[in-house]
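Each chain, letter by letter, is given below.
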Amino acid sequence: MDKIIPASWRTQTKPDFFCPGCGHGIILKQLGYAIDDLKIQEKTTFGIDIGCSLLAWDFFNIDTIQTHHGRTTPVMVGYKMSKPKRVALAYMGDGGGYAIGLQSLIYACFRNDPITVILVNNGNYAMTGGQMAPTTLPGEVTPTTPDGNPTGFGEGFKGPELLSTLCAKNAYIARATVSKPLLLRSVLKKAIKNQIDNNSFSFVEILSICPTNWKLGAKQCFSKLADVEEFYVPSEFSKKEQNVK
Amino acid sequence: MGIKFLTGSEAAVLGATEGGAETMFGYPITPSTEILQGWIEACEKDKKLKFLQTEDETAAGFATIGAILAGKKAFTATAGPGNILMQDPLSMAENLRIPLVCIVMQRGGPSTGTVNFSQQEVTLSAFGGNGDGLRVVYSASTVLEMYKYTAKSFSTAWKYRFPTFVLGDGHLSKMSAKVNISPLLHPIPSAALLKEKISPTFLRNCFSSEESFYNDRLKKNIEAWNFAKNSIVESEQYKVSGIKSLIIAHGSVADAVKDAVDTMRKNGIKIGLFRPITLNPFDSTKLKTLASKVSRIYIVESSLNQLSRIVKYELSGIKTPVIEIAKPAVSFTSDEIVRLIKNSK
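In order, the protein sequence lines correspond to chains A and B. Residues in the first sequence are numbered consecutively from 357, following my numbering. Residues in the second sequence are numbered consecutively from 7, following my numbering.
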């Protein structure tokens, strides 16, 4: 039976600063339970990006480094290289990982750097007001795509599928969703265990909701998330894009 | 270590090991590539040393920060466009007081420009980034100084916790010289900046109000800078006794100026050199004393007045006329300096 809040959370900083109904709360709760279950709180260093993820700068009772936009991956690569026994987590949004920081994400995967990247995909640049992100679906209206995201911008960025084409055989690549929190936790644990046991790269994209910028209530958010899950299919990915559902 | 025949880049690598560096992150870019290559050779000989060739200079800078936070003495080296990308991690280091050492072998810009030589990265190194320029910038004048100030930069950075640059240039990188290498005092040790305990460290880069950012972070950083800068400043005065005019120059240009001063002194001209070794912070106290004694100041540099802008700010209140001799991204011979000064009446 889970505790009401994970032991690794920092209770003094709750309630947190995320918007009401934000998916980050669900993700950070499951990440907290994963850290508790694996008993790695004192071994973990948490790197966070710019964008909504920055609001987690004092979320856990865990050393936390707030970096610049897209730069969490290289900071944690350098950190892990210097402290191989620590568990290095890099937490970021889809803008940080798939746009401004994509080069570093690809290279961390390509080099099989033993860090775990957790990327929250809510389909927009939420902190700056919901602009088009690499993950925005075709036709979506955002402040920078007022007539609907034209397909000419790309039909939605599939990160795990991309990374699985260039990852090492012992890397762990997966997509999870906040609509299935227990599955999300087990995926996070697998990813972190892969870093610890196999000394190799792991990556989890998590489909999330953004009530503020989606301008939807809780129920409609989850119904929209079900549509998103049709496009970005939650799964584990082994090298060369073979689905092993 | 004795007398060696070294390039500036080789001297920088020796300086880094002497300064206690353990890890380098870098991306190949002329004319600093030989530092990365030289460091990798050092790693082959000493398995305790580490390196990573990153995907770009931004990643090199941020990975350096990650390693420093883990307690390693890490550094990077770059040039020109790489220095521009490096401003992102350097701004983080400046804000969070992370002792990032960055060796910059200046090349002619903007953009790709030439890959050989310039002194055009003074403003970028000292005042680049979205901060206020709380960075230490050493300007090495000779191959020996590439060794000396690279070694020193680690102790300065780790003692005062400000990002620290060592500026060289393409000529210094590639030229070989006979240098007498002597070990320095014990380097300042490094310690992990994170606690690695349940009572954790939160390194926060972002604040929710202007007042909180200023009062909790910037004000403290500025106070620490103002406290430290008088201990950091360094300058050299060359043949300044009885001078009537003064040349101000830095880096390898200052080395050519020394020959020019020797020639002019032989011809009875009472002229000397003031060389800022730290461009930031700047030794304005010593310069003001000299500047108030002379009737004319010449500033000689291989950029369009980047040093001159610093000097004029630091010399505010001094009325001595200043003549700027600038050749952006082009080097000087000592004969040329003699001629330019003679003709600049």
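FYI, nobody ran anything at the bench for these hints, they're computed from the structure. In this text, all values refer to a predicted model and were calculated from it rather than measured experimentally. Quick reminder that beta carbons are idealized off the backbone N, C-alpha and C, glycines included. Among these hints, one or two may not hold up.
[Unchecked claim] Output of the computed footprint for chain B on chain A, the stretches with three or more beta carbons under 8 Å from beta carbons of chain B: (1) 409-415; (2) 514-526; (3) 569-576.
[As the list claims (entries may be wrong)] No farther apart than 27 Å at their CA atoms in a straight line, the calculated lysine-lysine pairs in the DSSO-like style are these: (4) A:Lys549 x B:Lys226; (5) A:Lys546 x B:Lys203; (6) A:Lys595 x A:Lys359; (7) B:Lys203 x A:Lys370; (8) B:Lys276 x A:Lys441; (9) A:Lys399 x B:Lys51; (10) A:Lys545 x B:Lys272; (11) B:Lys53 x A:Lys359; (12) B:Lys56 x A:Lys549; (13) A:Lys441 x B:Lys56; (14) A:Lys536 x A:Lys595; (15) A:Lys385 x B:Lys201; (16) A:Lys399 x B:Lys250; (17) B:Lys203 x A:Lys525; (18) A:Lys595 x A:Lys370; (19) B:Lys51 x A:Lys441; (20) A:Lys385 x B:Lys56; (21) A:Lys385 x B:Lys250; (22) B:Lys10 x A:Lys441; (23) B:Lys250 x A:Lys441; (24) A:Lys571 x A:Lys546; (25) B:Lys54 x A:Lys545; (26) B:Lys56 x A:Lys525; (27) A:Lys395 x B:Lys54; (28) A:Lys545 x A:Lys385; (29) B:Lys53 x A:Lys575.
Hint check: Lys395 (chain A) vs Lys54 (chain B), CA-CA at most 27 Å. Holds or violated? Given pair Lys395 (chain A), Lys54 (chain B) is violated - Cα atoms ~30 Å apart, limit 27 Å.
27 Å limit on alpha-carbon distance, applied to hinted pair Lys54 (chain B) and Lys545 (chain A): With a Cα-Cα distance of about 32 Å, the restraint between Lys54 (chain B) and Lys545 (chain A) is violated, given a limit of 27 Å.
Within 27 Å, alpha carbon to alpha carbon, are Lys203 (chain B) and Lys525 (chain A)? violated, 33 Å
Would you mind confirming whether the straight-line C-alpha gap from Lys51 (chain B) to Lys441 (chain A) stays at or under 27 Å? holds, 24 Å
CA of Lys276 (chain B) to CA of Lys441 (chain A), is that 27 Å or under? Not satisfied, since the Cα-Cα distance of roughly 63 Å exceeds 27 Å.
Take the C-alpha atoms of Lys399 (chain A) and Lys51 (chain B), compute the straight-line distance between them, and say whether it is at most 27 Å. violated, 31 Å
27 Å Cα cutoff - pair Lys385 (chain A), Lys201 (chain B): This hinted pair holds, its Cα atoms lying about 23 Å apart.
Sort out whether Lys546 (chain A) lies within 27 Å of Lys571 (chain A), counting only the CA atoms. Answer violated: Lys571 (chain A) to Lys546 (chain A) is near 33 Å, above 27 Å.
Please verify whether Lys385 (chain A) and Lys250 (chain B) have alpha carbons no more than 27 Å apart. violated, 73 Å
Is the straight-line distance between the alpha-carbon of Lys385 (chain A) and that of Lys56 (chain B) 27 Å or less? Not OK: Lys385 (chain A) and Lys56 (chain B) at ~36 Å, beyond 27 Å, violated.
Taking 27 Å as the top limit, are the C-alpha atoms of Lys56 (chain B) and Lys549 (chain A) close enough? holds, 25 Å
Given the proposed pairing of Lys595 (chain A) with Lys359 (chain A), does the C-alpha separation stay at or below 27 Å? Not satisfied, since the Cα-Cα distance of roughly 36 Å exceeds 27 Å.
Hints 2, 3, 4, 6, 8, 9, 10, 11, 16, 17, 18, 20, 21, 22, 23, 24, 25, 27, 29 from the list above are not met by this structure, while the remaining hints are.
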